[in-house]
Structures are given as structure tokens and as C-alpha cells.
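There are 2 protein chains.
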Amino acid sequence: MLDIVDDELEQCAARRLALLAAVRAAVGADHVQTDGMTLERYGRSTAARSMRPLAVARPASHEEVVALVTVAAAHGCPVYPVSSGKNWGYGDACAVGPGQLLIDLSRMNRIVHVDAELAYAVIEPGVTQQQLSAHLRERGLALWMDCTGAGPDTSLMGNILERGFGHSPYGNRLQHVSGMRVVLANGETLHTGFGHYQGARATHLFPYGVGPFLDGLFTQSNLGIVTELGMWLMPAAACVQHFLCSVEAPDGIGAVVDALRPLRMDGTLRSIVHIGNDLRVISGGRVFPRALAGGMSRLPEALRTQMREAAGAGAWTVSGALYGSAAQVAAARAAVRQALRPTRARVRFLDERKLALAALAGRLLGDCGPGRRLRAQVALGEALLGMNCGVPNGRFLAGAYWRRRGALPPSFPDGADPARDQCGMLWISPILPMRGADVLALHALAEPLFREHGFDLFVTFSMINERALGAVLTITFDKQDDEETRRAQACYRAVFDAVMAAGYLPYRVGNQSMAALDPQQDSYWKTVARIRGALDPAGIIAPGRYEPAVAQNLSLQLQSNAFVTGTR
Amino acid sequence: MLDIVDDELEQCAARRLALLAAVRAAVGADHVQTDGMTLERYGRSTAARSMRPLAVARPASHEEVVALVTVAAAHGCPVYPVSSGKNWGYGDACAVGPGQLLIDLSRMNRIVHVDAELAYAVIEPGVTQQQLSAHLRERGLALWMDCTGAGPDTSLMGNILERGFGHSPYGNRLQHVSGMRVVLANGETLHTGFGHYQGARATHLFPYGVGPFLDGLFTQSNLGIVTELGMWLMPAAACVQHFLCSVEAPDGIGAVVDALRPLRMDGTLRSIVHIGNDLRVISGGRVFPRALAGGMSRLPEALRTQMREAAGAGAWTVSGALYGSAAQVAAARAAVRQALRPTRARVRFLDERKLALAALAGRLLGDCGPGRRLRAQVALGEALLGMNCGVPNGRFLAGAYWRRRGALPPSFPDGADPARDQCGMLWISPILPMRGADVLALHALAEPLFREHGFDLFVTFSMINERALGAVLTITFDKQDDEETRRAQACYRAVFDAVMAAGYLPYRVGNQSMAALDPQQDSYWKTVARIRGALDPAGIIAPGRYEPAVAQNLSLQLQSNAFVTGTR
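Chains A and B, in that order, give the protein sequences.
Counting in numbering that gives the first Met the number 0, the first sequence runs from 0 upward without gaps.
Counting in numbering that gives the first Met the number 0, the second sequence runs from 0 upward without gaps.
Everything labelled a hint here was simulated from the structure, so no lab data went into it.
Any given hint could turn out to be false.
Identical copies go unnamed one by one, so any copy, or any two together, can satisfy a pair.
[What the hints assert, rightly or not] Quick list of in silico lysine to any residue cross-link-like pairs, SDA-like style, CA-CA up to 20 Å:
hint	residue 1	residue 2
1	525	186
2	525	190
3	525	197
4	525	444
5	525	356
6	353	185
7	353	57
8	525	537
9	353	23
10	353	15
11	525	293
12	353	197
13	353	13
14	525	188
15	353	373
Just so you know, these numbers come straight off a predicted model, no measurement behind them.
This is chain A alone, in the form it adopts within the complex (with noise of 0.2 Å):
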């Protein structure tokens, strides 16, 4: 009997050595890695659920990444691609099941190709944020790329591949998107759009193509692996004013809600705006204070409204910024002045001449109270304008510090990386119709649960669309203490199941509720399992990432598996 376990276990081993020397071929054996400090890095994450990879390899070209693949498929070992592999909150750079091969493809970095006439760049999915926007700076164009808040190391691609959005007019990122390359599973090297013909013209700049458009396939699936992608960029605008509306009641964001949203559907607001509740400014550049506290993991009422009060908040911020010529951002902010007017909401601009004054006038108020808080407003007010205008801040990253012990760490904002930092933080990312009633309800539903479970409830709701809002419901736990990551991890689960629930459904999500995805086995998720049968049989893709049902065996598999580390 036990021959036969060292029998099996013999051969497994085999089969794993005979599997790494085929990666090892097939990108060098400086970029395999398979030691337990570099496994355990990969695996760590942001969420209460880590998982390690078997190894890592990292590919440098598009060619490496087909052999990659087909060693894998010749093997029968899963892939798991990551761009960056900083997915915060959704699963970081964790597969959703243990034991597949980590795909980093941060070392191809290239920016293919930047058409200043055009307004496109083409991308490898390692470039980042970062690299991108300098190298637009850098090269004196008058383009800007859409920013997000996930900071400056993260991945252009990987954020628009998950379908995440921005800050700017081109925040609706996969509505700007033209043309990807992609490794299919069986190896073969797909071109969507034009891209499959010879000599097309407009591959990056009409992206269906003729015949059925495959894009959407590519995005929150484990159908492919895309190694270069069209992104278009926006031409700098000759004037950007960012602007900063304080609501002061909880229930005010309604009618604000109301208000704006004929502006964001008649063009007038043509950049995602954002509405963030008191948190959310609160937590910018601190952690929790844990001393003041009194040993409670949420905010005493008197001392979250002493700080709101010291940040000059209101119970909620909206910060969107309008775009265009000088005439342009005139009309469009009489416009945003004449809708909040009934609405008793605070609007302020900020423009880069503004700024500076104010900067001056910090400088000169000197090291008093009122000058520190008249810097940090205009470092505030910079890093707005900045996101606006395509250059990315990690200061935004804040919220997922906030319960984590300690200080800031000395590499926070620039190199921020809550994985690394050890922060506890989960999303909950539900879509909602831009309806001041509707963020009432989902706020009224979502804030006794994150009570009840002594979590403070971070909340944005942003403009991603004309006609919807993404709400993102931060749930930051301090994972060094196993007690608050269980409640953190049961808060989740109560939050996500009351807003599937309630129809407020997650535009995304983490790796932990893949498999909670399909709970009626309807035939959306029917029809996407025909096609990964038609397009990956073996499954060897990412398997579980976005596919409920595999998802669903992974997570049985996990429950006695001692593939899985623990939640630290």
C-alpha cells in the first residue's frame, strides 16, 4: 500500500521536474523561478485567501508565451497569466486554484508603438501606468492616457483586460480599446479586429473588424491570453479644471446623484466622476488611529466626525473634472453650477493656476496648523489634476492601508503595493442605475452589514458610464490578526450575497467568489463553458477564473488541499 503512495508520488515528481525543464527551455532558466520566498510573494494577496503558484515563469516575448503554453498543454498543467499581478482586492496576482504555472508577463514591457497623429499606443501587458504616461511626457506629445488609482506600478493592460475604469473622458477604458493579440490555448496566435489581415490599415482604430467581434471574449475570461493591445490615447485638452462638490447630509448625494447625471448623459461631463463618502478622504495619507479608538476596529461616531471636520469633508465628496477649450470648460462649469445650486452641495474648481497660488500661500503660512492643511489640500488638488491629465498616484491607494498596523510604510505613495505591505482588503464591486434612490438603497443595505461586523464602510460611486454607476465597497482588515479576518471575510460574504441579491450586480470580482457567480446555472455561464470547451478543452487557462462551475470544484478541492497557505 504505501509503495504504491511512492510509486504515485515518484511520478508526480517526475512529471513536475520533466514540466520544468520544459518551461525552463522555453524561456530560460533566469526566469523560472520555483523558490518558497518568491512562491510565497506571488501567492500573497490582498484578500483573506492566498494561493501558490507551482512556479513562476516570465516570458519576454509573445513567442515565449506560445511555448509557454503549449509545454503546459503537452504537460496538462494550468496556466495562470497575470499582467502585473497587482490586482488589489480581487485576487492580486493568486490563480484561483493551487498548483498552476504563474505566467508574469511583466517583463514584456514594450510600448510597440505610439501614433501622436492617430492618438494610439500599442501595448504589451507589462507596461504600467508609470512608463507609459512618462513616455508620453518624455517624448513632449500632446497625449494623455486614462488613469486609475490602483497606483503607478500597475498594469495598463491587466486593469483594462478585468474591465476597470479611470478617471478621465477616456475612463470607459474597454470603449477604447482596438485590437489585441492573443494566445489561444491550443498555441495558435489569435488577431482580432483587422489584425488577422494582411497589411490592415485601421487595426487600431476601428476595433470590430468584420464578422463577429471578439474582443469582449478576452475581457474577465480565461479564454486566451492577450500579449499586445491597441489602447487609444486623448489629446491633451488646452484646459482641465478638476472639481470638488461637498455634500454635508449622508442623504444629500441623492439629489446630487439626480442632479448631475442629465449632465454626464448630455456630454457636458464627459469623465468619470466620482463620489466618495467621508472615508475615503479621511483615510487619504493615514491609518487608523488605533490609540484614539479605544480598542474598536471601527471609528467612534465623535471621532470620525472630528476628522471629517479637521479634512473640511462633508459626508460625501464628488470629484469628476471637465475638459476642453477655455470656452468649453466655461459653459461646462456654469452648467455644473446651475444644477447643484438646489441641491445646497459646495462646488469648488481647481486649475493648475489656482493651484499654484495656493502652494505660494502655503509656503508663506510656514509650519502653523492652517499652512499643513492648506499643503496637503494642494498635494491633494495636484494629484487630482494629475490623475485627470494621465499621470498615475499611488496616494489613492490609501484606504487599503487603513487598518493595517503601524505607520505608513516609507515607500507609500510612490511604491505603494498592499500585497507586499501585508494589507487586508476586500472589494465589492456592484453596478448600480444612476439614480440618487438607487445609491440610497445599496448605502442603506451594504451599512448595517459593515457595522454589524465592525468593519467602516469606504464606499465610491463613480460615473462609469452615462447611465450607471460602480459602486466599490472597500472592506480593509488588518490581516495580522486572525480574528478581524474572519469577520472580514464573513462581512464579505454577507455584503456580496445581499447585493447579488438585491440586483446590484458586482461588474467584477474577486478570485474568492468565482464560484458564486452562476447561482442559477443559467445559460449565459452555459454558453461561456461551450465556448472554453471549443476554444481551451483541457482547461489548461486560468481554470476557475471566471468559470463558476470549475470554480466551484477548485474550491472544494482547496478545503483539504495542502497546496494552500494560510490566510497570513
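Start from chain A and add chain B according to the hints.
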């Protein structure tokens, strides 16, 4: 030997009868037609190639479509769904192959829902442009739909699923669709986006849902039959101005395109801008002047110049609209004027007030030449302004009637139906980068081929998005003239091959070109075929439609097949 043939024929007839009985049971006998006149009418095409269906079934509901697909699958009979069958110039109501059961969805014409607050409609396939436009006006809603020039009686959904484009800021139509209901070949019903979740609140507000985004699969494809679709509506703008810009010199259009591109890209021009050559203007409201052309099938140069001058047109006319508040439109108008100044193009702006004044002047001038000309211009201006605000008009189909014998029929323009009226028309629609150089290059490629084949080149270039132009090259021919029909087909092939070879690929093709879409047997079409195999292994829905390999086989069959009707 003859006995065997007789046996086969008998079996074949028996199978046909059994199928038709089942089809009648599915939709009611009144809604199944097999008579020769009906089949001839549905088989008639503006293209040179007609295709008679086996029978026509007209379901009234989603459930009846499911029943039809199930019946057809059980009998192994392919079905060909059309919304209203008015796919002018690209195959009209004709399937790619003969003997298919035509499913005419025009009885499914419910406007299921209009949401006035969030500005969208949910429609069935049979809803026409005229119907939705009238519905919105009758209900007094301040919402506009996007219009195409294909005429009032054409289906909105049909055009959207073929990825047609319109005139307004919502003219890039696929970007304004959210939530499809689809009948699959196995009879299952698929809801895309969030629609497959019970109680989902944002199905028609946020298209992507969660997981792979499938909507693109059901455009330009045969992967399912869409029976319901959410389409976004535009909030009525406070102010709309149409602009018409006349470019005298044939090669002057290059500079104009380059001058307008930045305005299209920065959002000053949010609507689709259309650029037409002189023939597009000359052909408005009249047919080819045979009596003056001395037997030629092209306009003699002197006559063309004379007609152009009489119409007050340049070599090119640029036509677009500005939307917004009065201040926004004023700012945009100034930007357009300034951009065009260096190009020497003349630009005029039209709005309702100006048109009312001109109409008054036209009436006062009476029946003299200038009076008639002014009234004609007013009528055109009204039609253009109407299209901008979602009021369809048949007059933009005039080109289809250009070479048809006799005067324009009395049904023109309101009940324009080029297929019924025996018009001959073929469209070739290459996409090109939005650059003057590409416009001139494409024109230089196509014009000599049209000339060689004895046709005048009708061409429009539409700013279909911010970076690409959709060209439509029209071959309009006399279908009653066999020689001219053969020349038209030869011209089509020559131009189609030339644009493909030059990398100006079509965004959409007629049935006669489905087989030519995959010259390289590339991975894109292999992927589409695999998906087709997974969703419709028996090839029940519209075989050959955007399915090059199957279209190729059908084409070979056609060459010796009795099902095909002649070219008349």
C-alpha cells in the same frame, strides 16, 4: 435508376411537407407563406444575386422563434432570420444559400419599454426607425434616437446587429447597446450582460455584465437570433445646428479631413460627420438623366459639372451637426470655423430658425428658378436637421434609384424600397484611417476602376468614430440591363479585391462576399468556426453568414443549383 430518383424526390417532398406542417404549428398557418410571389419578393435583392427561401415564417414572439429554431433543428433545415429584410446593398432579405427557412421577425415589433429617466428603449427586431421615432414624439419624451439614412421602414435592431452607423452622437451604434436576449441554435434563451441574473437592475444600463462580454458575438454573425435589445437614447439637446461645408477642388478634401480630425477627437464634433462627393448631392431627388447622357452609363463630364453647379455643390460636401446648450454649440461653431479657415472650404450653419426664414423666402419667391432651388434646399436642410434629432427620412436612399429606368416612383421617399422597386445597388464599405492622405489614396484606387467599368463613383466617408472613416462606395446599376448588371458585378469584384489588397478592409459585406472574407485561412476565422461548432454544430442558423468556409461551399453549390433565381 429513374425509380431511385423518383424515390428520393418523394422522400424529399415528404420531408418538406413535414417541416412545413411543424412550422405552421409553431407560428400559425396564417403566418407561413410558400407561394411563389411571396418567395420571389423576399428573394429579390438590390444586389445582383437573388436567393429564394424555402418558405417564410413570421413569428409573433420570442417563444415562437424558439419553437421555429427547435423545429428547424429537428428537421435539419437551416433558418435565416431577418428583422425587416431591408439590408439594402448588402443582400436585403436574402440568405447566403438557397432553400433556407426565412424567419421574418417584423411582426415582433413591440417597443417593450422606454425609460424616460435613464434614456433607453428595449425593442424587438421588427421595430422600425419610423415607429420608435413617432413613439418618442407621441409620448412627448425629450429623447432622440439615432437614425440611419436607410429609410423610415427599416429595422433599428437589424442595422445595429450589422454594426451600421448613424448620424448623431449615438451614431457609433454598438457602443449604445446594453442587454440582448438571444435564441441559440439549441433553442436555449441567452440573456447577455446582467440580464441572466434574476432581478438585475442594470441590464440595460451597463452592457458588460460580469464574466466574458458576449454581445459582440451576436453582431455580424450567425451565432444566435437576437429577439430583444436595449438601446440607449439621447437626451434631446437644447440646441442643434447642422453644418454643411463645401469643398471645391477634388483633392481639397484631404486638408478638410485633417482639419476636422482634431475636433472629432477632442469631442467638439460628437456626431458622425459625413463627407459625400458631388454625385451624392446631384443624385438627390432625381434619377440619371438618360436623355442628356447620349447613351452613356456615366455622366458626361460637362453635364456633371453643370449639374454640380446647378446644385450649388462643390466636389465634396461635409455634413455634420453640433449638439448642446446654446453656449456649447456657439463654442463648437467657432472651433469648426477656425479649423476650416486655412482650407478654403465654405461652411454654413443651419438651425430651425434659419430654415423657417428660408422657407418663407422660398414661398415668397414663388415658382421661379431661384424659388424652386431655395425650397429644395430648405427641404434638404429640414431632412438633415430631422435626421440629427432622430426623424428618419427616405430621401437619402435616392442613390439606389439613380440608374433605375423611369422617374422616381410615387412611393419615394416615404415608402422607398429599392428591392421592391427593382433598383440595382452594391455597396463596398472599406474602413480607413481618418487622414486626408488615406481619403485621397482610396479615392485614387477606386475611381479608375469605376470609370473602367463604366460607372460613376458615389462615395461617402463617415467619421464613424474618432479615428476611422467608414467609406461607402456605391455601384448603382440598371438591373433590367443584363450587360450593365454583369459590368456592375465585375466592378464590384475589382473594387472589393483592390480595397482588400490595399489594407482598407470592409466593415460589413454583402452576401456575395462572405466567401471572400478569409483569403489566408487565418486564426480569427478558425476561432469563429470553433465557436460556431460549439453553439450551432449542425449549422442551423444562417449558414454562410460571416462564415467564409461554409459560404464558399454554398457558392460552389449555387453554380449548378436550380434553387437560385436569375439576376432579375
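- Message: Of the numbered hints stated earlier in the document, which are not met by this structure?
- Response: Failing hints, ascending: 4, 5, 6, 7, 9, 10, 11, 12, 13.
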